[in-house]
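A.B. asks: Each chain is listed here by its residues.
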Amino acid sequence: MMGISTGTLLLVALLAVHAVMAGELVVKAGESIQDAVSAAKSGDTILIEPGTYKETVYIDKNNISLRGVVVSGNWPTLEGEKIRNDAVLYSGSGITIENLKIVNYKGNGIMGQAGNNFVIRNNWIIDAGVYGIFPEFGKNGLIEHNVLSGIEDAAIYVGMCDNVDVLHNEVFDSVAGIEIENTRHSIVDGNYVHDNTGGILAFITPGLPIKTNYDVIIRNNFVVNNNHENFAIPGSIVSYVAKGTGITIMAADDVVVENNIITNNEYIGIGIAGLEFIAGVRSDPESEPNPDRVKILNNLMWGNGENALPEVKAAVQAMMPGERYVDIADISKGTGSCILEKDRYVSVGLDRYSTCKMTSTADTLTYTLPEPVEIREIAADEKGKAAYYGICAGCHAYSVKMIGPPTMAIQAMYQGRPEALAAYIAAPSKVREDYPEMPPQNYISEDVRLAVAQFMLQVEK
Amino acid sequence: MIRRAVCLVVLCALAAFCLQAAEPVSGQRFTLSTHCPPGFELARGSCFLRSLYQLYDSLRGAGVGGLKTGLAEVRDGFTPQQIDLGRYLFFDPLLSGDGSLSCASCHHPDLGFSDGRGRSIGVTGDPVDRSAPSLWNVAFLKRLFWDGRAHSLEEQVTGPLYAPDEMGNTERRLLTDLNANETYRRLFEEAFGQNVITANAVYTALTAFEASLISLNSRYDRYAHGYHEALSADEIAGLNVFRSFVARCAECHTPPLFTNQEMAVIGTPEPEGLPFDKGEGALTGDPTQRGAFRVPTLRNVANTAPYMHSGRFADLRDAVKFYTQGRGHAVAEGERLSLHWHIWEPDLSERELDLLVSFLHTLTDETFRPPMPDAVPSGLEPVGVVPSGAR
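Note that the protein sequences, when read in sequence, are chains L and W. Numbered by my numbering, the letters in the first sequence go through residues 11 to 471 in order. Numbered by my numbering, the letters in the second sequence go through residues 71 to 461 in order.
It should be emphasised that the hints constitute simulated quantities derived from the structure, not laboratory data. Check before you lean on any hint, since a few could be wrong.
[As the list claims (entries may be wrong)] Below are the DSS-like pairs computed for lysine-lysine, each with C-alpha atoms no more than 27 Å apart in a straight line: (1) L/K367 x L/K352; (2) W/K391 x L/K116; (3) L/K92 x W/K391; (4) W/K212 x L/K221; (5) L/K221 x W/K348.
Based on the sequences and whatever the hints tell you, model everything.
C.D. replies: And the structure:
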């Protein structure tokens, strides 16, 4: 009896906490999504009802979900009218964006700048500008079940990230389908990639601040008919992608290509190159140029390479006069690469490939992390110290008069009363005749204000 | 009763410090601070940077990202004495060949540690090749100079000291002058424990001072740490243009330092009548690096006009407008440059340009500005030639 009632109480308590922590805000047609984001607290979900929303939504908070509500086939639509820059920008961690239709932006559909633990799924993105979905500088993310088309650069672009899965998306009529760039530990699995200029690309762009790209699994994808005219912006990296490229591996290391259906890509099925292949970009001595340890496991390929690079075609003709197609070409100086059942394909430049020892990546279910990247828990003492030296020390020194009175003097006044000190700095009043007024420090969050008050009272020099 | 006793202790402590602070003005006795400058914690005798940004991580520790992103690796760990000695050296014209210029003649605190000129004026009275960059936050830079040719502050400092058109000194003369000065000998002894002043000690002291010039408390930073009221609606709109994938400013001028520290070819124009500056390409001979410059920080940029390596743009509006006038529009005919892919045709509106400029003004923070010495050990007038616009 006792046990049950305690249990029930606990459950009720948990539910109550849940309700308070994770609120729902509803945005109706005619209202602004941004207003809801501004009002939202960490943990909240913003439900967006069908309607047309003409805005850029930016999320500079953690743990916010934007969730479209689709009713009878009517989607909530972010409309850029080709005058707005990006549809959704986020810098927070723990952001989920789902069920949105995004059309006619100039910049990106959804762009992340350093948010970790992101989920971007079930979105329908058409002609949203340069990139459809572009998380940058993020760790631990999932991009799944999105449909994207008509993108001037990459429909899905994972740039300078770690631990990202790109699953079950359809990308078409874009210059590049899916790009994995300067990123580590990523899986591109089960996507339908068709009618782009180039299908799937794993490469290093030189001149970026994070220099490596390795450990990429490209598996179970349909990579077909990627023969779209290249309509990229002149000078962009993908403007150098040849039309008809199925999978490109440029300078990336440890890329596994497994169990894909790669057909009718007229330039090449799988092309492997070093950085010397791209022209027109400042050479970066800090970027390692060769694709090393590529592993091509079992794949289904045919009808690729009818319009291959002339050198590649010539090499095929020299080996197999009259052959129309070529599936795989490696024109790089990479080392340590391997392939399974090489003789199934028409290939060029694979003489140095060994037979792979591994046959499958099936044991690797995901590269997302079992636990979210922690939003770093900082000890109060650390916070207080960072704020004291990082902010207060501009006006307060331990024993000397600066712009404000010395910390020693403040310690004498406030000893044992950190709350009072924290309250003062949020809304300072004029105290001393011979000092200017102290500017309010209310921009520092409440917990840090208390931490800095505690720190100020115990600092010793 | 207890309260009075406490007050007394405080007063005594205060008085002691007031005396010490008042002493050096006479010029007879210079002392070195035993305190770290603001922004630094004294630990084990040395000064270590503390900032709210240290509460955040950054992907692969690269110090680039978004709002709550950790900083790039910093040069810290100098002693208070080394930093303070560096401050005297920085403002002392004794460091130039003819005793006319100090570092501050071209990097003046009143002018964002720059000099307000398109191209700086050296000891010869003629302009040098480039504009003087701000020194705020140089502690984080892994490449120095516009063309990125130096890889540490110690290496960098030999540039201005010994360039005939800048400070026009020689190492020999510099060390002779300093060693002949009893005050400097005593101060170096205090800071470095050696009674003979070496070139390395001079470079270390200057580095220590420069690395103390930290600016991370702008209104933008308050926004970044989560206080969204710190910026006006227009300033936030400007931030959104800045980080948008149309303007793409944040792809190169990446927060939190507003530089990704990479070299980039963007094709800015030279001032009328001046030859093309090959930048990094002049050092390496690599044609793809022609016209490459290190992405400069934009912190305190509102205080450091004119802009770019050549000082070609008089104000921020012009500097920002450069980016929307067409990819390669200012590249001289016949010149072939490997322009960066983020330099494109963003087609920014006049309003967006205004918003960008208002956002750039939120990056101003000089709360940790160091005090200028009233006197320097050489007895020369501190700073020497004062750039116009400085007090």
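A.B. asks: All the hints need checking, so say for each whether the structure fits it.
C.D. replies: Hints and how they fare:
| no. | hint | verdict |
| --- | --- | --- |
| 1 | L/K367 x L/K352 | holds (13 Å) |
| 2 | W/K391 x L/K116 | holds (18 Å) |
| 3 | L/K92 x W/K391 | holds (21 Å) |
| 4 | W/K212 x L/K221 | holds (15 Å) |
| 5 | L/K221 x W/K348 | holds (25 Å) |
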